[in-house]
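So the sequence lines, in the order shown, correspond to chains U and X.
For the first sequence, this note's numbering puts the final residue at 175, and the numbers step up evenly by one.
For the second sequence, this note's numbering puts the final residue at 1792, and the numbers step up evenly by one.
There could be a bad hint or two in this list.
To be verified - Incomplete in silico selection of chain X near chain U, CB under 10 Å:
hint, residue
1, G1036
2, T1191
3, G1502
Unchecked claim - With a straight-line Cα cutoff of 20 Å, these simulated DMTMM-like cross-link-like pairs (lysine to aspartate or glutamate) come out:
hint, chain 1, residue 1, chain 2, residue 2
4, X, K1162, X, E1140
5, X, K1007, X, D1575
6, X, K1125, X, E1140
7, X, K1559, X, E1531
8, X, K1266, X, D1302
9, X, K1557, X, D1575
10, X, K1472, X, D1087
11, X, K1731, U, D148
12, X, K1561, X, E1610
13, X, K1027, U, D148
14, X, K1027, U, D29
15, X, K1521, U, E87
16, X, K1775, X, D1703
17, X, K1521, U, D29
18, X, K1309, X, E1610
Don't read these hints as lab results, they were simulated from the structure.
Note that the Cβ used here is the ideal one computed from N, Cα and C, for glycine as well.
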Amino acid sequence: MNDVSIKINGELVTAMVEPRLTMLDFLRDVAGLKGTHAGCEHGVCGACTILYDGNAVRSCLMLAVQVDGQEITTIEGIGGNFERSGELGIIQDAFCEAHGLQCGYCTPGMVLAAEALLAKTPSPSEDNVRDAISGNICRCTGYVQIVDAIMLAAQRLGNRNDMLLPNHPSTQQDK
Amino acid sequence: MAEKTYKFISQPRRAVEDRRFVAGRGKFVADLDRPGMLHVAPLASHYPAAIINKIDVTAALAMPGVVDVITGAEISAAIQPLINGLDTPNVRRFPLAVGRVRYAGEWVCAVVAESRAIAEDALEKIIVDAAAQPFVLDAEEALLSTSPPVHPEHGSNLLLDKKFVWGAVDDDFALAKHNLSFSVTWGRNSTVPIETFGVVAEWNGWDQILDIWASVQMPKYSDQISRCLGLAGNAVRVHYDIDVGGSYGVKRGIKHATLIGYIARKLGRPVRFIEDRLENMRAGDAHGPERKFDVTMAFEDDGTIRSMKMRALDNAGAYAGRAPFQLGKPIGAIVGPYQINSVSYHALSVTSNKTVQEAVRGFGQAPTNYAIETAMDRVANFLKMDRLVLRQHNLIRADQFPYLIPSGSTYDSGDYHTVIDKVLNAADYSALVATRDRLRTEGMMAGIGVAACLEPSGGNSSFEPLLNEANKTSTWMESCQVNVDALGNVIARIHTTSSGQGHDTLVSTVLGEVLQIDPDKIRVTRPNSLESLPGNSPVGSRMAIMLGGAAARAAEKLKLKIVAIAAHCLGFDADKLVYSGGDVLAPDGSKHSWLDAVELAHRQFHNLPEGMDPGLASFDIMQVPTGDALPVDGKVQMYPCYSFEFHLVLVAFDPVIGRPEIRSYTIGHDCGTVINPAIVSGMTYGGIAHGIGATLFEEFAYDANGQLMTQSFLDYLMPSSHEVPPIEIVKHCTPSPHTVFGQKGSGESGYLGAPAAISGAINDAVAALDIHFEKLPIRMSAISDAISNKLA
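Chain U on its own, in the form it takes in the complex (with noise of 0.2 Å):
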């Protein structure tokens, strides 16, 4: 048995494991967290996703000893989500409105994808988008509402930075 102590979404976790414990089943299993799902345990199919230094890396490849000492995000620590119940992140939330799912079950690992790829490029072309989601598999959408969702995440990401600067025209009214 091993000592670990991960932080994850900022809080850190520490436990005795096997060596032999995936990190997806440390979130699981010992962190409690259920947002990252197990899909097919040998790296094809994206369901249990996590962030690790800003990438979206696949949880079930990786051992939860390999990540002591490190910290990394899931699903619970993204958007509003981990702010306040009920409230949404905006590629949560355009994923909601372009109906960017069905069962739910891929939805976590789409979103870190998604917020993985907006982190670094904030205007991808759908062909971006493509790529960046072409690691995870969904099985009830054929990725036209994802691609729609993440577009559309991008798009709103992109108004929301321009609102925030010191000069936008929308700001200056307010003073």
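Assemble the complex: chain U is given as a structure, and chain X must be docked to it using the hints.
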């Protein structure tokens, strides 16, 4: 029929389910943690067929943390075989192999332990002494009397052998100028949801109740579990508030639930089994149809199709499951959207030493549509006619509805020619042809594919009595309850799990429409099976029709009561009053508001009309429209509603590499009145993606030794966002006369025609080389090999 305008129906409205899913707050079965829960790992057979001599579990049982090991001998002595609906008493199926294994991967025994990891470790300590037996994999071979029967007690591999002749087939063939025969094969694929099947069971000895939480989409699930386990129906409580992570037909989980339910009851502790991906692919018993068609068409010089003979041979796998009935549903649309005067249909289902087949999206309709549409392409090629013109010539015309087909079903409504015209316009057909021809001059292989087909919808059980006369069922209902609480808020109850279809959104939209109140203020809940009215779960593309119908009817009953209360208070006859936005208006301008009705119903019994019960609640148990008779002479009305779809696709590929790229995809879709546009579009896109997989990638392939070769997502390839192109949906609405709002089903849309259209496009691309691909999937290796053989 003119299209009606609705306030909420057909209007853009967010799916109410989506919020919890985007936040990772769905409630899936694997998310459950019950105190003291045990875990199960099944031991899989390495043999496709073997006699089990002895199972030694001593070493496994001695491991710390191992609680029990269940064998087939134990469980078969304690429970009843699983029900299959056919008259095949000697094809007995239990959750674990009993005395004999019948496919590679079949569960031989199940370890129960304190953790799944310990259970998996213990599997390695079990010693099975088994003697390998001869086996059979191919369906035609399985039919031969020389082949080993998968169930020796049954005597042969034949599960179903039904011949139907509808109309004057021999006469029509004698009269027709031409005959053309061909064979095509639909490969063994499935829907393969990203969430595997899972179940948690817990026996409460004090209440004598078995609680079941399962990732399930199965009609009469609690009844089946009760019968198998020998429990009263009211001793099994299935919880419907579990989110199901995709199913599209396959998540029947009956062997899983009986096994885990048995263990939970035996040990008196909660027990969980969540398939891992290998277990799901190999022994989840969730493969789809594997079907060979032999088709002969009779037709005239002008393209008129007179008659069709079809033999459909399905490889059910090692046990019956629901597979044979998947040959039954297509009888309800056996001529597709075409005027074909007579049909003979020979439906055969055989056992083989492969994984068990289950229901898959369309319940056998997609393979049949693939065969019918291939026939249309072949006839057009034979006559050197344009494929579109041939189809348009034979399509049922809008003025012919309701239209009785030879096998006894009457199509409700449609306007196929208009839908096709709209698609040809939207996709700019002549430009598409020009693009194809330009690609060809540039050295690419390019082809256009078309497919016109039907989605029988509304669900119905009539294929069961049609294929098994001993089965006298005609009933296939759905229910909804509505209650207005003492504060005036509406609560609806539905009695099923959902796997992404948006049933909360469906019901709240329909109730909002009928009651004329904001759907977002309606709460939809899912009681467990003990608190539920009868229903048949979301199968057969039925919930818009059946759950939507039951919700609308329950709301109408509620409205009648509200109006009756108002009539009593305002002193008018009910027929003089107008229900408006929840209030009731009288001719003199007086108003009895929603909250007035709530106040009277909940608190002022003394002011209610004489004889009226208190409260504001209603329910409806609705029978499927048109489902009022058993079959006569091999004919019966199958599903009530028929949605139409028309696919137009351009495919191109390099002749050396052979990797098909979909350059353009347009679908025309008419499913009557749409309840929620985003949900219907989403299912159509998803169905097309599933069809792309079935056509180009997905197959449960076996080697000559009976081993499943594609047992991970590295081998069983599914379309990613790179393989599914942008898709244009062209919408059309021909309301159904049989449903409350004119709605038809759409849960199988896209999948029903995409394989036919894409394979048609590939065959168009290689037609100049005289190549015909006659089997799905058409993998890139098959394409490049076929081309290089021709050019060699």
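How the hints compare with the structure:
{"no.": "1", "hint": "G1036", "result": "violated (15 Å)"}
{"no.": "2", "hint": "T1191", "result": "holds (7 Å)"}
{"no.": "3", "hint": "G1502", "result": "holds (7 Å)"}
{"no.": "4", "hint": "K1162/X - E1140/X", "result": "holds (16 Å)"}
{"no.": "5", "hint": "K1007/X - D1575/X", "result": "violated (23 Å)"}
{"no.": "6", "hint": "K1125/X - E1140/X", "result": "violated (39 Å)"}
{"no.": "7", "hint": "K1559/X - E1531/X", "result": "violated (24 Å)"}
{"no.": "8", "hint": "K1266/X - D1302/X", "result": "violated (69 Å)"}
{"no.": "9", "hint": "K1557/X - D1575/X", "result": "holds (15 Å)"}
{"no.": "10", "hint": "K1472/X - D1087/X", "result": "holds (13 Å)"}
{"no.": "11", "hint": "K1731/X - D148/U", "result": "holds (19 Å)"}
{"no.": "12", "hint": "K1561/X - E1610/X", "result": "holds (13 Å)"}
{"no.": "13", "hint": "K1027/X - D148/U", "result": "violated (26 Å)"}
{"no.": "14", "hint": "K1027/X - D29/U", "result": "holds (15 Å)"}
{"no.": "15", "hint": "K1521/X - E87/U", "result": "holds (18 Å)"}
{"no.": "16", "hint": "K1775/X - D1703/X", "result": "holds (17 Å)"}
{"no.": "17", "hint": "K1521/X - D29/U", "result": "violated (36 Å)"}
{"no.": "18", "hint": "K1309/X - E1610/X", "result": "violated (64 Å)"}
Checked against the numbered hints above, the structure breaks hints 1, 5, 6, 7, 8, 13, 17 and 18 and satisfies the rest.
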